[in-house]
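Here the protein sequences come in this chain order: A and B. So for the first sequence, this note's numbering puts the first residue at 1; every next one is plus one. So for the second sequence, this note's numbering puts the first residue at 1; every next one is plus one.
Keep in mind the hints are simulated off the structure, nothing from the lab. Careful, some of the hints might be misleading.
As the list claims (entries may be wrong) - Covered by chain A, per the in silico footprint, the following chain B stretches (three or more residues, Cβ under 8 Å): (1) 20–30; (2) 34–48; (3) 57–67.
From the three backbone atoms N, C-alpha and C, an ideal C-beta is built for every residue, glycine too.
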Amino acid sequence: MGEREMRGKQEMRKRLAALSFSEKIKILEKLRDRSLAIGAAGLRRGAAKGPGNVKGSSKQGRSADVNSAGGGKTSASR
Amino acid sequence: MKATLEAVNQMQADGVIGKYAIGGAVGATFYLEPAATFDVDIFVTLPTAPGGVLLSLAPIYDYLKARGGRVQHEHIVIGGWPVQFLASNGELEQDAVEEAITTTVEGVSTRVMSAEHLVAIALRTGRSKDYARIVQFIEQDAVDRKKLRSVLERHELISKWTKFESAYLGGAHG
């Protein structure tokens, strides 16, 4: 990605971050609906069983060593 | 989301939960650009039984099921959103709920964890997506570094933060 595109992307992220919480929640709802529609159509691996497949069963007490982290499934949460 | 938060506020008014705060990806969205997520994480303080015994999350689910909530894995779907309730048993979570920020979503009052607490909880949880979120907070300058350090110190996360910094931030932050 060129420097210009990178700057454009950063600007877009700033603009999105500056929206009100209500506006951001509306975007979240659209993103979620779209992801669910894609999952329901069987276009995304592992999405067929619904949201329970996307996140683990517990967020607490699940810790990984900092040094072993990296890569991984970040696209669903970014 | 409006209906979801109204239900949670009603539950609080009815004494089923004490204070609450939104955490996770939805909480992070308060500070960052929206990031796709399928659920809402709500950290709650639970009322205590006589003698100071902590009650379980079961009354929350019973209350919501009686009002049309649908259980889906570890979530309960309210107002179209799968919600995961997490008891704020640990000191960090208690602190995060206590110091949460009051805001509104479509006119409904709600509470969101501070950016610094979201970062501290993400650091402790330690999945790759948590680390990615922390990097976003730092890159977008969405945390008060002094306050973050204080939260990390208070909850004995400095050593983990130092490792995180050197692995992902080039050791120049915090």
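Results of checking the hints against the structure:
Check on the stretch 20–30 of chain B: 5 of its residues sit with their Cβ under 8 Å from a Cβ of chain A, so the three-residue criterion for coverage holds. Under the rule that three or more residues need a Cβ within less than 8 Å of chain A, the assignment of the stretch 34–48 of chain B holds, with 7 such residues. Counting residues of the stretch 57–67 of chain B whose C-beta lies closer than 8 Å to any C-beta of chain A gives 0; at least three are required, and the coverage claim is violated.
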